[in-house]
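Q: From first to last, the protein sequence lines are chains A and B.
According to our numbering, the stretch in the first sequence is residues 108 to 352, in order.
According to our numbering, the stretch in the second sequence is residues 108 to 352, in order.
Keep in mind that the hints were calculated from the coordinates and are not lab data.
In this text the structure is predicted, and so the values were computed from the model without any measurement.
Just so you know, not all the hints are guaranteed correct.
All copies of an identical chain are treated as equivalent in the list; a pair is satisfied when it fits inside any one copy or across any two copies.
[Claimed, not checked] Derived pair list, reagent style DSSO-like, types lysine-lysine, alpha-carbon separation capped at 27 Å:
(1) Lys-327 <-> Lys-189
(2) Lys-231 <-> Lys-349
(3) Lys-351 <-> Lys-319
(4) Lys-231 <-> Lys-319
(5) Lys-319 <-> Lys-298
(6) Lys-231 <-> Lys-351
(7) Lys-338 <-> Lys-128
(8) Lys-338 <-> Lys-298
(9) Lys-349 <-> Lys-327
(10) Lys-319 <-> Lys-349
(11) Lys-123 <-> Lys-189
(12) Lys-123 <-> Lys-142
(13) Lys-142 <-> Lys-191
(14) Lys-351 <-> Lys-189
There are 2 protein chains.
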Amino acid sequence: MKQNIYDNPIFFNQYKALREKTYNYNGLLEQPTMKSLLPPLTNLQILDIGCGMGEFAQYCLEHHAKHVTALDVSSNMLAIAKQKHAHPHIDYQLQAIEDYEAPSNSFDCITSSLSLHYVQDFDKVISQIAQMLRPNGVFIFSVEHPIATARHTMEDNWIYDESHNRLHYAVDHYHEEGLRQQTWLVDGVVKYHRTIATMMNTLITHGLSIDKIVEPIPSKEAIQQLPSIEKELRRPSFLFIKVKK
Amino acid sequence: MKQNIYDNPIFFNQYKALREKTYNYNGLLEQPTMKSLLPPLTNLQILDIGCGMGEFAQYCLEHHAKHVTALDVSSNMLAIAKQKHAHPHIDYQLQAIEDYEAPSNSFDCITSSLSLHYVQDFDKVISQIAQMLRPNGVFIFSVEHPIATARHTMEDNWIYDESHNRLHYAVDHYHEEGLRQQTWLVDGVVKYHRTIATMMNTLITHGLSIDKIVEPIPSKEAIQQLPSIEKELRRPSFLFIKVKK
Numbered sequence: 108m109k110q111n112i113y114d115n116p117i118f119f120n121q122y123k124a125l126r127e128k129t130y131n132y133n134g135l136l137e138q139p140t141m142k143s144l145l146p147p148l149t150n151l152q153i154l155d156i157g158c159g160m161g162e163f164a165q166y167c168l169e170h171h172a173k174h175v176t177a178l179d180v181s182s183n184m185l186a187i188a189k190q191k192h193a194h195p196h197i198d199y200q201l202q203a204i205e206d207y208e209a210p211s212n213s214f215d216c217i218t219s220s221l222s223l224h225y226v227q228d229f230d231k232v233i234s235q236i237a238q239m240l241r242p243n244g245v246f247i248f249s250v251e252h253p254i255a256t257a258r259h260t261m262e263d264n265w266i267y268d269e270s271h272n273r274l275h276y277a278v279d280h281y282h283e284e285g286l287r288q289q290t291w292l293v294d295g296v297v298k299y300h301r302t303i304a305t306m307m308n309t310l311i312t313h314g315l316s317i318d319k320i321v322e323p324i325p326s327k328e329a330i331q332q333l334p335s336i337e338k339e340l341r342r343p344s345f346l347f348i349k350v351k352k
Numbered sequence: 108m109k110q111n112i113y114d115n116p117i118f119f120n121q122y123k124a125l126r127e128k129t130y131n132y133n134g135l136l137e138q139p140t141m142k143s144l145l146p147p148l149t150n151l152q153i154l155d156i157g158c159g160m161g162e163f164a165q166y167c168l169e170h171h172a173k174h175v176t177a178l179d180v181s182s183n184m185l186a187i188a189k190q191k192h193a194h195p196h197i198d199y200q201l202q203a204i205e206d207y208e209a210p211s212n213s214f215d216c217i218t219s220s221l222s223l224h225y226v227q228d229f230d231k232v233i234s235q236i237a238q239m240l241r242p243n244g245v246f247i248f249s250v251e252h253p254i255a256t257a258r259h260t261m262e263d264n265w266i267y268d269e270s271h272n273r274l275h276y277a278v279d280h281y282h283e284e285g286l287r288q289q290t291w292l293v294d295g296v297v298k299y300h301r302t303i304a305t306m307m308n309t310l311i312t313h314g315l316s317i318d319k320i321v322e323p324i325p326s327k328e329a330i331q332q333l334p335s336i337e338k339e340l341r342r343p344s345f346l347f348i349k350v351k352k
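Could you put the whole structure together from the sequences, leaning on the hints where they help?
A: Encoded structure:
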């Protein structure tokens with residue numbers, strides 16, 4: 108069963124409100140990093156896994172991609188995507204990556220922003236991706252950083268003093284891979300923790316070579332716009348991996 | 108100035124006592140992992156950086172390596188190495204890797220156990236290593252894990268409750284790379300913290316391709332022999348990276 112928390116109406120409305128804020132982690136940290144890792148997109152066939160509201164698919168076409176196949180498991184998300192970012196060269200599909208089938212060597216570039224930590228069988232999904240990617244193609248994805256997903260807790264991983272100053276970040280259970288239930292906007296959001304070694308070795312095993320790793324830090328401007336983002340310097344929340352076939 | 112804490116007599120005697128214990132992290136965790144990552148050693152030319160007391164150099168010859176160049180900055184360590192593990196095909200040299208020079212393509216295999224976190228200029232050292240390594244050669248090293256070196260503190264990174272049970276492990280200052288002064292056996296041991304991204308990208312930039320990552324976990328037997336090592340399951344202390352040229 109693939110998690111589809113984005114079709115939980117309470118979650119979805121809160122998530123939408125978060126994304127509609129002028130300054131958020133997506134706009135200040137995740138998307139700038141993803142875009143910095145992209146190859147020149149001109150004429151590329153792209154697969155975007157977990158496309159959400161379609162902004163990234165639209166961005167790819169604005170940068171001269173030939174076609175974007177954009178998957179998401181949430182009909183809420185896709186309804187917005189189709190309304191706001193419809194385009195004859197974007198094919199939105201209500202589909203989990205685990206169930207998606209495409210011929211070998213279909214894509215020049217596969218991307219996924221903060222969705223693969225929802226996937227239970229990482230090995231299977233990486234195997235599919237490696238097969239769908241063309242030789243010399245690139246696959247770039249971000250996930251919540253294993254430092255952030257490791258600890259089994261329903262609470263915040265930040266530890267505070269009595270005045271609610273952040274003392275440090277708590278890590279635990281690092282080698283217990285698998286399910287984590289977390290409270291993020293609503294209770295019971297399900298994610299999967301995997302170690303850095305597991306992610307890297309899975310990619311390598313499937314014939315993908317590690318090209319770049321990014322643990323993004325906010326720019327000075329981002330910190331001015333959203334001062335709370337400065338805590339990213341204290342521990343990474345996101346991990347980006349770019350690989351080549 | 109290259110750190111040479113191993114020639115501090117108080118440190119050295121304590122370190123020696125630790126290593127002479129029947130069960131320690133070196134024997135139960137670090138060395139088994141290093142050995143599991145080695146290629147078949149028959150006829151290889153090996154460079155071991157931070158060879159310490161020479162056990163690993165000796166192991167390589169027992170496994171049919173052709174020759175081992177074994178570097179260490181500590182004359183204390185090398186005195187023991189030359190006494191216990193002297194061999195006509197081991198060349199012990201009192202030398203920091205930063206000052207070591209060898210022709211290009213000199214070695215089939217370069218190893219370093221828990222020494223590169225003492226190196227200030229990682230980029231320079233990786234550049235040297237990439238040059239000294241033969242095409243298709245392998246470089247395998249372990250360092251203290253960035254999760255463990257991140258926090259600026261003279262204290263233990265474990266956070267305890269009142270009964271001295273470990274609550275969780277503390278991470279902080281992850282993106283502040285550079286000097287860390289720690290108390291380990293004596294005060295003021297100097298190490299360098301680097302992020303996972305920095306280490307990986309430095310290797311890739313110098314033409315080395317990531318072959319395997321290991322964040323070692325103790326075996327059941329190791330936990331029986333040294334129960335306190337079970338805490339390695341809660342956060343990794345060591346990071347191994349194996350690359351190929």
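Q: Hints first: check each against the structure and report whether it holds.
A: Quick rundown of the hints versus the structure:
no., hint, verdict
1, Lys-327 <-> Lys-189, "neither (34 Å within a copy, 53 Å between copies)"
2, Lys-231 <-> Lys-349, "both (18 Å within a copy, 24 Å between copies)"
3, Lys-351 <-> Lys-319, "both (10 Å within a copy, 16 Å between copies)"
4, Lys-231 <-> Lys-319, "both (22 Å within a copy, 19 Å between copies)"
5, Lys-319 <-> Lys-298, "both (24 Å within a copy, 25 Å between copies)"
6, Lys-231 <-> Lys-351, "both (18 Å within a copy, 26 Å between copies)"
7, Lys-338 <-> Lys-128, "within (19 Å within a copy, 41 Å between copies)"
8, Lys-338 <-> Lys-298, "both (22 Å within a copy, 24 Å between copies)"
9, Lys-349 <-> Lys-327, "within (25 Å within a copy, 35 Å between copies)"
10, Lys-319 <-> Lys-349, "both (5 Å within a copy, 16 Å between copies)"
11, Lys-123 <-> Lys-189, "within (15 Å within a copy, 67 Å between copies)"
12, Lys-123 <-> Lys-142, "within (22 Å within a copy, 51 Å between copies)"
13, Lys-142 <-> Lys-191, "within (20 Å within a copy, 56 Å between copies)"
14, Lys-351 <-> Lys-189, "neither (30 Å within a copy, 46 Å between copies)"
The structure fails to meet hints 1 and 14 from the earlier list, while all remaining hints are met.
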